[in-house]
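Novice: Here's the letter readout for the chains.
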Amino acid sequence: NAGVTQTPKFQVLKTGQSMTLQCAQDMNHEYMSWYRQDPGMGLRLIHYSVGAGITDQGEVPNGYNVSRSTTEDFPLRLLSAAPSQTSVYFCASSYSRVSNTEAFFGQGTRLTVV
Amino acid sequence: AQKVTQAQTEISVVEKEDVTLDCVYETRDTTYYLFWYKQPPSGELVFLIRRNSFDEQNEISGRYSWNFQKSTSSFNFTITASQVVDSAVYFCALSVVNQGGKLIFGQGTELSVKP
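Chains as they are written, first to last, in our numbering: chain A, 86 to 199; chain B, 24 to 138.
Just so you know, the hints here were simulated from the structure itself, not pulled from any lab data.
Even glycine gets a Cβ: it sits at the ideal position worked out from N, Cα and C.
A couple of the hints might just be wrong.
Part of the chain A face toward chain B, derived, beta carbon under 8 Å [stated by the list, open to error]:
id: 1; residue: 95
id: 2; residue: 116
id: 3; residue: 125
id: 4; residue: 128
Rough simulated footprint, nothing fancy, chain B against chain A, three-plus residues with beta-carbon under 8 Å [claimed, not checked]:
id: 5; region: 130 to 143
id: 6; region: 148 to 158
id: 7; region: 164 to 178
Using the sequences and the hints, build the whole thing.
Specialist: Structure (structure tokens):
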């Protein structure tokens, strides 16, 4: 049982480049989300999805796009990378938005934008 | 709006000392859930505990214990007889009813346990 799988683990981008961070879960969880972790700021919600075809913005959505075409996958797209997007990114999933069960996190992606 | 505050940025203790990590939250919702996660140096996030707003009983799990007090909006975490393996960043988080998975995190407390 893989849980939540994120790829890649590390990435260096040049300013202006685009890329997609992949996230997949095999637990049939309804709810998926993306967070970024910055020093001294904890984790902040970027985008989330309550089910296939439904996405919404979190606290810090600017510069990122998401889509949820299947229950399993929730990719995060950086449209035009900026140094301010240097961060550690975590994908998470949880059983449903109603049950408020714990979230399961991927291993994280350390992104550096130069 | 919801908010979680972990005022202790860093704590350093010597092995076998007891240590308490503070967590204060703000929400106007009457039904909410509180969580603690551990982030060891390897970087993954490990779930420790979930507590709903109607259950104020303290919980103990081995060397870990949690004190939930609605009167002070606090959900503190105590490690008894700390060990080097407890060294990590600990996050407190909050979610409100019907927004499960939408977690509001505190800033985190970095705990260093020295031998």
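Novice: Each hint: holds or not?
Specialist: Status of each hint after checking the structure:
| no. | hint | in the structure |
| --- | --- | --- |
| 1 | 95 | 11 Å, violated |
| 2 | 116 | 4 Å, holds |
| 3 | 125 | 6 Å, holds |
| 4 | 128 | 4 Å, holds |
| 5 | 130 to 143 | holds (count 3) |
| 6 | 148 to 158 | violated (count 0) |
| 7 | 164 to 178 | holds (count 4) |
When each numbered hint is compared with the structure, violations occur for hints 1, 6.
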